[in-house]
Each structure stands twice: as C-alpha cells, then as structure tokens.
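Asker: Protein chains in written order, with our numbering: chain H, 1 to 274; chain U, 275 to 603.
No wet-lab data here; the hints were simulated from the structure.
Beta carbons: idealized from backbone N, C-alpha and C, even for Gly.
Hints are supplied without guarantee of correctness; some may be wrong.
Covered by chain U, per the in silico footprint, the following chain H stretches (three or more residues, Cβ under 8 Å) [what the hints assert, rightly or not]:
| id | stretch |
| --- | --- |
| 1 | 30 to 39 |
| 2 | 75 to 89 |
| 3 | 212 to 223 |
| 4 | 232 to 243 |
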Amino acid sequence: MATNIRLEGEAGGLALPLRRDAVGWQDRPILLRLISIALFAAIWEIAGLIPVSFAFPTFSDTLVAFFGLLADGSLPSAYLSTLQPLVVGVVLSAFLGVGIGTICGLSRTGEWLIVPVFIVLQSAPVAAFIPLVTFVYGIGMTAKVLAVMILALPVIVLNTYKAVRNVNGSLLSMCRSFLGTRWQSISKIILPDASPVIFAGLRLGVAAGFVGVVLAELLITPTGIGDVITFHRSRADYAEMYATIASIIALSTLTLVFLQWVEVRVFRPEKRGR
Amino acid sequence: MTMMFKRAVLAGAIAAVVGSVSAEAEAGDMRIAFGDLPGIESIQTLAAIERAKERGVNVELIVLNDEDLAAQAIVGGQADVGIGAPYTLIQKVGVPIRIFAQISTLRFFPVVNSEFYKDWKDLDGQEVAVQARGSGTEAVMVMMAEKHGIKLGNISYVPGSEVRRNALLQGTLKASIVDAANRRALEAEAPGKFIVLPVEDLGASDEAVFATVEYLENNAADVDMLVEELLKTGREITENPAAAVELRNKYKLLPDLGAEADKEIEEYYKETAEAGALALNGGGAEAAADDFAFFSLSGQLEGDPASLKVEDFWHLAALDRALAKLGKK
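Work out the full structure, taking the sequences as your base and the hints as a guide.
Answerer: So, in structure tokens, the structure goes:
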C-alpha cells in the first residue's frame, strides 16, 4: 500500500510527500493483514461454537484437523495428485490462451471466428457441462485437464484479445514512423503494452483453473482434494472437510499473490516503485 | 447426462424452494425431503405418500441432491421427514434424528466384462471401480472379495452408477458395481457382454425414513399413517409386482418418464420383490442389527457393531404401532 501511494505521489508531481513519514499502525500492511485474518478466525470460531449448523466446525477444530491431515500424509498426497491436472491445464491454457488471444486481437477474421466461442464459454454455467466431458473423454486425467482448461482458457483468451486490441494507438504510429516492421510492432509495442492486462488475465485464469480442478474432482472422479472432501463428508468428519476446503482456498490465494509478486518483480520493473 | 443435468437444475430450483419455505409446519403438514431424485425405485415410497395424502396428511415433497442435505434440512427445521440412511450423521455428529422405518434394502450388482473375467476368482489383484471411498459399493466389493479369498487390486472411485455403466460399455472399466436399473440397462444394451457376479443378501438399509424425535412424538398420527402406508405398499408390491405399475398409473407418479417406463418398473419390482428387498415389516431392530454390521464394515459406523444400541439410531414407537395394527409378515 505504502509503495502505491508513493508511486501515485511521484506520478502526480510529488503531491503527497507528507504521507511518507507518517508510518502509523494503519500503514503497516502486514499487521493489517494479520489483524484481518485473526478477525476472520475469531468470527469463524464463534460461528462454530453457536453452532450455525451441526456440519459447521469451529476454527480451532478445523485447524487441528488440518494438521492431522498433514501429519497422516493424506493432504500432501492429495495435493500431489490434484496439482497434476491443475498445472498441466493451466500451463496449456496460458500458452494457448495468450496465443489465441493475440491472434484474435491482431486479425479481424480470427476475432469473428474465435472470440464468440470463448464469450459463450465464459458465460456458460460450466459446472453443468463438466459431466459431459466425461462422456467424451472418460474419467481419466484428460477429462480433468480439459475441465481446468474449459474454465481457465476463456478468461485468458478474452483478456489477451482485449489487451492486444486496445494497444495505445500513438505507440503504434510511433513504431510505424520509425519504419518498424510488423513483427517489431508486435514484439516491441503490442505485447509489452498489452502485458499488464495479459498478466491480469493469466492470474484470473489460474484462479479459474483452481475452480476447474476442484469441480472436476468433485464431479468426475474423486481423486486428490476432491476425494478428501467427499470422503470426509461421507464420514461426517466436517472439520477435516472444511480444513481441506480452506487449504485449497489458501493455496489458490497464495498462488495468486505469488504470481502478482513475480509479475511486478520480474516483468514490470516500472511498477516496483523503488 | 440428462440425469446429471436434471439433478443440477433440480438442485438449484429446490434450493430456492427450500429457502422460501417457512420453517414452521402446521399440524397435519409433513414436508418430506428426498435425498435423491426420485426414480423408478421410488414408486413404492411415492405411492405410500400419495395414500397418506388421501388419509389427510398434507405432504409436501422436497427433492434434494444429496442425502446429507436431507438430514441437514430436517435438523434445520426446513423439512420434517427425510429419506436415506443417516447412520454416520447420527453417530458422529449426534444430530437429534432417528430412523423410524426401513423402506428397502441395498441391492448392488458387481458386473465384469466377460472378455476378461468370469467369476470372483478372476478379480484377484485386478482393478475395480466403485462409487466412492468408504461407500456401500466399496464395502460390498471388499466383503465379497474376502468371502472368496481374493484380494482386489487398485480400487478406483467413479461416482454415479450411470457413469460406471457408460464406462463399462465403452470398455474404460472392466469390473465395477452398479445398481439394479443400470445392471438391466447393461444387459439390454450389450447382451452377453457382461457377467453379473453373485452377491449374498446384504440386508442393509438402502432407504429408510427419518425425522427428529420431537417431530415423531408431536406428530404421531401423521407419522403412523405414513409408516402404515409404507408397509402396505411394500407388502402389496412384494405380493404382486405388477401393482407398482398400477400404483404409478393411479397416482400419476413420475410422469416425466412416460408410459414406456411401465415395463421397466414392472421388471424392476419383480426382481426386487423376488430378492425380498422391500421391507415388509419396516425393518426395526432386526434391520438395525444388519445395518450396524454392514455400515461398520464400510467404515460409516465406528465401534463394535454388537455394542451399538438400536435406540440411539431408531425410534421404534410408530413402527410398533403400525405392526400391531397391520400384523407382522
């Protein structure tokens, strides 16, 4: 947060120099985050103690269950199997998605042919037709990778397409006036200028991929995380069930935060602020 | 596919309905929550409900996507009577619900592709697919494997009998276990391709009715009527399986399935009646003992089956009254 304010201050002609010195508790993002997590845990604990439902465990029970699942190895091995379709699906979606999106952004034919398909896919209630995938691709790994891609691909394609289509016109004119070739305008102007939105699309795609893999494991065959969730649900071990669900949410969140960090550090030094 | 899709759509619609239903039931009202989309195997229950309606019980049907949800709706006061076998919930979570009559017992059919396997012995070390980890289908397979002195290889989990049926037809699965309807579909779609392996009588509850103790005690008259009608339809269909079709036509049950389902319903009930899978006496303590044994084996119940108490899971008063009135069969 502090870095953002500084940045805007610099961009706006150093209008906010005073803020830099005022480092109160509200300017410490880590502290704020910890407080918000503690607050969330406290509300959860209270809700579990009421309880809101017989199937709703307290936060502490869930935490105990989480460490239990870690200790007996069921969670690590579940993640090992869940991550396979997830990683394969997301990586394939990233390359395919950025490729297809760029083509759609650059060529009108591509746009008319391909973009509607992805708009339909993005707005469709995908959970309803994931079971269809099993009828075509069976119950194995292919079906799960496909489920991940069905969710991840549209958002990546559409973001890339929009980013490429909306590249700053004056930058393109500049490239032309310097006699840049078509390839140079793509590699030196269009892709760098579109990269923030493409990265945002990739992040959303990864988040969608998590949704896809969990849906696939709940709806196609219960393996990995889906298996742990359904199994503990069938055994009425709700603390274990919630622990698993919370762990996948946490993993997904951490992955997204990490991706954002990588994006800023590695690909967009101008956003680093220092 | 249509089944899955229908379920998804229904689940959504029902969530909306359940949400809007007021939690307070008036006397004579009975909200019955199905834990699954009613199919031909529900004719007996649906007919009993219609008859209870004729006798003045104002029944409202709620269809949910999962047995857990039915139990949840009962505990939450959004439904009065649930259908399923919620032993795990009663034991683990201590929800204040009790089973008050058994409707039918479990029937599963281990099916193997005849190109690869002929009998139980051939399954030694082979991969089989069952519904889910810790499910009844898994328990049946493991139990039968033990009985035949073999050890199954990898057990994979494929939820949905219809999904396993398709996988068997496609050849993705070579050995699995399906319910009665899908077993017959397999025989119809690929005659001779599959062999159904013999299974001894399981005796465990497939469907039973349950409610909170409070509801059972405060609405004894309504509950009695439902139990009596369940027993009567069960007996009627067991004596004459064709009665299932008559009941269906009389009460216009499962209209979506169309007239062509009549034949299937008749065959289903003929077979079910022969197997004695419809409860004639509503289960009771005997059924509870069988359930304890089976669900302990499948891992859904914990502890020594002999140490489990019937009264912790069952509320027998209504059933006793019904049996006193109708006699035991």
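Asker: All hints, please: hold or fail.
Answerer: Hint by hint, here is what the structure shows:
no. : hint       : result
1   : 30 to 39   : violated (count 0)
2   : 75 to 89   : violated (count 0)
3   : 212 to 223 : holds (count 3)
4   : 232 to 243 : holds (count 6)
Hint check: violations occur at hints 1, 2; the rest are consistent with the structure.
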